[in-house]
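Student: What follows is each chain in one-letter form.
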Amino acid sequence: MSTQSTRLAARLMVAPSVILLFIWMIVPLAMTLYFSFRLYRLLSPERTGWVGFNNYIWFLNSPDFWLAIWNTLALVGGVLVITVVLGTLVALLIDQPVKGQGVLRILVIAPFFVMPPVAASIWENLFMHPQNGLFAAISRGFGAQPILFLEQHPMPSVIAIVAWEWLPFATLILLTALQSLSSEQIEAAEMDGASAFSRFRYIILPHLTRAITAVILIQTIFLLGIFGEIYTTTQGGPGSASTTLPYMIFKQAIVAKDIGRAAAGGIIAVILANIVAVFLMRGLGKNLDA
Amino acid sequence: MGKITLRNVAKRFGEVAVIPDINLDIEDGEFVVFVGPSGCGKSTLLRLIAGLEDVSDGTIEIDGVNATDLPPAKRGLAMVFQSYALYPHMTVRKNIAFPLKMAGLDPAEIERKVDGAAKVLNLSNYLERRPGQLSGGQRQRVAIGRAIVREPKAFLFDEPLSNLDAALRVNMRIEISELHQTLKTTMIYVTHDQVEAMTMADKIVVLNAGRIEQVGSPLELYRRPANLFVAGFIGSPKMNFIEGSEAKLHNAATIGIRPEHIDLSTSAGTWKGTVGMSEHLGSDTFMRVTVEGLGMLTVRASGEVSVQQGDTVWLTPQDGKLHHFDANGKSLA
Numbered sequence: 001m002s003t004q005s006t007r008l009a010a011r012l013m014v015a016p017s018v019i020l021l022f023i024w025m026i027v028p029l030a031m032t033l034y035f036s037f038r039l040y041r042l043l044s045p046e047r048t049g050w051v052g053f054n055n056y057i058w059f060l061n062s063p064d065f066w067l068a069i070w071n072t073l074a075l076v077g078g079v080l081v082i083t084v085v086l087g088t089l090v091a092l093l094i095d096q097p098v099k100g101q102g103v104l105r106i107l108v109i110a111p112f113f114v115m116p117p118v119a120a121s122i123w124e125n126l127f128m129h130p131q132n133g134l135f136a137a138i139s140r141g142f143g144a145q146p147i148l149f150l151e152q153h154p155m156p157s158v159i160a161i162v163a164w165e166w167l168p169f170a171t172l173i174l175l176t177a178l179q180s181l182s183s184e185q186i187e188a189a190e191m192d193g194a195s196a197f198s199r200f201r202y203i204i205l206p207h208l209t210r211a212i213t214a215v216i217l218i219q220t221i222f223l224l225g226i227f228g229e230i231y232t233t234t235q236g237g238p239g240s241a242s243t244t245l246p247y248m249i250f251k252q253a254i255v256a257k258d259i260g261r262a263a264a265g266g267i268i269a270v271i272l273a274n275i276v277a278v279f280l281m282r283g284l285g286k287n288l289d290a
Numbered sequence: 291m292g293k294i295t296l297r298n299v300a301k302r303f304g305e306v307a308v309i310p311d312i313n314l315d316i317e318d319g320e321f322v323v324f325v326g327p328s329g330c331g332k333s334t335l336l337r338l339i340a341g342l343e344d345v346s347d348g349t350i351e352i353d354g355v356n357a358t359d360l361p362p363a364k365r366g367l368a369m370v371f372q373s374y375a376l377y378p379h380m381t382v383r384k385n386i387a388f389p390l391k392m393a394g395l396d397p398a399e400i401e402r403k404v405d406g407a408a409k410v411l412n413l414s415n416y417l418e419r420r421p422g423q424l425s426g427g428q429r430q431r432v433a434i435g436r437a438i439v440r441e442p443k444a445f446l447f448d449e450p451l452s453n454l455d456a457a458l459r460v461n462m463r464i465e466i467s468e469l470h471q472t473l474k475t476t477m478i479y480v481t482h483d484q485v486e487a488m489t490m491a492d493k494i495v496v497l498n499a500g501r502i503e504q505v506g507s508p509l510e511l512y513r514r515p516a517n518l519f520v521a522g523f524i525g526s527p528k529m530n531f532i533e534g535s536e537a538k539l540h541n542a543a544t545i546g547i548r549p550e551h552i553d554l555s556t557s558a559g560t561w562k563g564t565v566g567m568s569e570h571l572g573s574d575t576f577m578r579v580t581v582e583g584l585g586m587l588t589v590r591a592s593g594e595v596s597v598q599q600g601d602t603v604w605l606t607p608q609d610g611k612l613h614h615f616d617a618n619g620k621s622l623a
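Those protein sequence lines, which keep their order, are chains A and B.
The first sequence begins at 1 in this note's numbering and counts up one residue at a time.
The second sequence begins at 291 in this note's numbering and counts up one residue at a time.
For reference, chain A alone in the conformation it holds in the complex (with noise of 0.2 Å):
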């Protein structure tokens, strides 16, 4: 595609779905826009009209929405330094050969597979479950009295049931660039007199960060909008303890109908996602360069 008659016709190809691609993206923003400057409640439909910065204001002078940003970006980092160590922990585990290595991996694997409420369901009823819990049973065979996680600790419970979820998918992706190193080096540096941590720290690790790059930027889109674990769980309680961004604006949209006050929360959301990503292209996107 070098000739500018083959650049025209590139682009008049692509166009169709780029145009697609831009109104799926622009239409739904540009109404969120619009109406987080209304008065749009859905129990007083009779009450419309501009409201200037109210809906952002009221957002911002909410006593949880410091908590719910710090509560989002707590999921948001404490998911990823726990999946990332754990996972690159596991994929060093299971890239050693072993008998019924298959079903091992497949094991590894399957709670990606498992929908998230059905996870945080398991996780709330049998495991942190006060009665009838794993964990609690645990407690009490060691005489101790059963820690309550969802109360007394909402969020890291809440991080805890993520970072089960998101494990298997950091560990595939470090797995596979694991499988990709190749033995000679590892066999040069054994020559060279490194011990196993310095061919980890010097060789394996050096080979994981595009890897892990790519596992960072992908699950932090993901584990900006997380919703349905904490909504199965905790419901953002006790009080407002795990509420996070997308979960506050679910209470607005849903629970109190004030569309306006939602959608500048959306937009809110928007731009502290949008922050994220400047803060992790900066910081990483020079690990992306081949």
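None of these hints come from the bench; they were simulated from the model.
We treat Cβ as the ideally placed atom computed from N, Cα and C, and that holds for glycine.
It is possible that part of the hints are untrue.
To be verified - Partner residues are not named here, just some residues of chain A that face chain B (Cβ under 8 Å, in silico): (1) Gly141; (2) Ser182; (3) Glu187; (4) Glu190; (5) Asp192; (6) Ala196; (7) Ser198; (8) Ile203; (9) Pro206.
Unchecked claim - Which residues of chain A face chain B? A few of them, derived with a C-beta cut under 7 Å, are: (10) Asp95; (11) Leu181; (12) Ala188; (13) Gly193; (14) Ala194.
Stated by the list, open to error - Restraint-style ranges between C-beta atoms, simulated for each label pair: (15) A:Leu73 with B:Asp396: 40 to 48 Å; (16) B:Ala307 with A:Leu89: 34 to 42 Å; (17) A:Asp95 with B:Glu465: 54 to 62 Å; (18) A:Leu89 with B:Val306: 33 to 41 Å; (19) B:Val306 with A:Ala144: 40 to 48 Å; (20) A:Gln96 with B:Met291: 34 to 42 Å; (21) B:Gly422 with A:Ile221: 26 to 34 Å; (22) B:Leu360 with A:Gln96: 20 to 28 Å; (23) A:Leu73 with B:Glu305: 55 to 63 Å; (24) A:Phe222 with B:Ala307: 49 to 57 Å.
Let chain A serve as the given structure and place chain B on it in line with the hints.
Tutor: Below, chain B without anything else, positioned relative to chain A:
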């Protein structure tokens, strides 16, 4: 120092014995080439010496010390891999410095040694580049540089030139030979290319199916091959083998004659034949001549000889250049 002794070394992968039983002495400072067809176990043998594979049986001694169970790093050997195995995320300087860094040398000492090695290998201008920005020959030199900074007891080369183009291969062959002259360190070199073996080795070890067929200097192997396999493997183009009644005349099951030891004439000679395909190399012409009762013989004639396809020619084996083999393929002295 770098004297390596293998005693009854065997390597089995499950049921398959890749190397049944090998005894070999490699003297200090020798340039030893393991040569053989692919799958003959030559790379496995090298990896056993390096410590990258465990021996199933037998012992490996390095400088009189039993190294059979030592990990690779403790054996004091350095290896150059076929793919070079450079660390792609490190600069050339860091690649060469890596073994020194792992050995815990202080940075000033590392700097000095890396610069020294770079000078020897003409890499001084490339030290800050990554392996991805280097040509094949330069990468090869970095891999050698990474090996020499450790000042190992012996160098192990695993088909190091097989990824280079023909011209570069000849250059690197000379460079490695010169390096051996300078360092006088033991080198073990694995290749399937008998030309590399002939040109570089002090001692060639010909391997076939995990067994040593013959050990000797290049000319010894060329002049006195111990058996049919060595006779056919060493020398290019291949030795001609003749069986049947003609061989019986010489009291042998098979006789062999190298293409360069056959005189060609258009008027008279021992064997009469018809010229088939010819390869003109300029200096030489390799001719395939069909001789009645003997089959196809390859003949090396001078490039000046003008013989057309289909011409009748006479061939005469040179005196004392015939090789005789018994029914088991062993050379008859």
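Student: Now, for every hint given, state plainly whether the structure supports it.
Tutor: Evaluated hints:
Interface restraint check for Gly141 of chain A: the shortest CB-CB distance to chain B comes to about 43 Å, outside 8 Å, so the restraint is violated. Because the smallest distance between the Cβ of Ser182 of chain A and any Cβ of chain B comes to about 6 Å, under 8 Å, the interface hint for this residue holds. Below 8 Å, beta-carbon pairs count as interface contacts, and Glu187 of chain A has one with chain B at about 5 Å; its hint therefore holds. A cut of 8 Å between beta carbons decides the hint on Glu190 of chain A: the least distance to chain B is about 5 Å, and the hint holds.
Given hint, Asp192 of chain A at the interface with chain B, holds; its Cβ is 4 Å from that chain's nearest Cβ, closer than 8 Å. Against a cut-off of 8 Å between C-beta atoms, the interface hint on Ala196 of chain A is violated, since the closest Cβ of chain B lies about 11 Å away. Annotation: Ser198 of chain A was flagged as interfacial toward chain B, and the flag holds, the nearest CB pair being 6 Å apart, inside 8 Å. Because the closest C-beta pair between Ile203 of chain A and chain B is about 6 Å apart, less than 8 Å, the hint holds.
Evaluation of the Pro206 of chain A hint against chain B yields a held restraint, the C-beta minimum of about 4 Å falling below 8 Å. Below 7 Å, beta-carbon pairs count as interface contacts, and Asp95 of chain A has none with chain B, the closest being about 18 Å; its hint is therefore violated. At about 10 Å, the closest approach between the beta carbon of Leu181 of chain A and any beta carbon in chain B exceeds 7 Å, and the interface hint on this residue is violated. The interface hint given for Ala188 of chain A holds, since its Cβ lies 4 Å from the closest Cβ of chain B, which is under the 7 Å cut-off.
The restraint placing Gly193 of chain A at the interface with chain B holds, with a minimum CB-CB distance near 4 Å, inside the 7 Å limit. A distance limit of 7 Å between C-beta atoms decides the matter here; for Ala194 of chain A the minimum to chain B is near 5 Å, and the interface restraint holds. Our hint of 40 to 48 Å for Leu73 of chain A and Asp396 of chain B holds, since their Cβ atoms are close to 43 Å apart. A hinted range of 34 to 42 Å for the beta carbons of Ala307 of chain B and Leu89 of chain A is consistent with their spacing of about 38 Å.
For Asp95 of chain A and Glu465 of chain B, the hinted distance range of 54 to 62 Å is not satisfied, since their beta carbons lie about 38 Å from each other. A C-beta distance of roughly 35 Å is found between Leu89 of chain A and Val306 of chain B, which places it inside the suggested range of 33 to 41 Å. Checked against the given bound of 40 to 48 Å, the beta carbons of Val306 of chain B and Ala144 of chain A, roughly 56 Å apart, lie outside it. Take Gln96 of chain A and Met291 of chain B: their Cβ atoms lie about 37 Å apart, and the range 34 to 42 Å holds.
For the pair Gly422 of chain B and Ile221 of chain A, the beta carbons lie near 30 Å from each other, so the given range of 26 to 34 Å is met. For Leu360 of chain B and Gln96 of chain A, the Cβ-Cβ distance of about 23 Å falls inside the hinted range of 20 to 28 Å, so the restraint holds. In this structure the hint that Leu73 of chain A and Glu305 of chain B lie 55 to 63 Å apart at CB holds, the actual value being about 58 Å. The hinted range of 49 to 57 Å is satisfied by Phe222 of chain A and Ala307 of chain B, whose Cβ atoms lie roughly 53 Å apart.
When each numbered hint is compared with the structure, violations occur for hints 1, 6, 10, 11, 17, 19.
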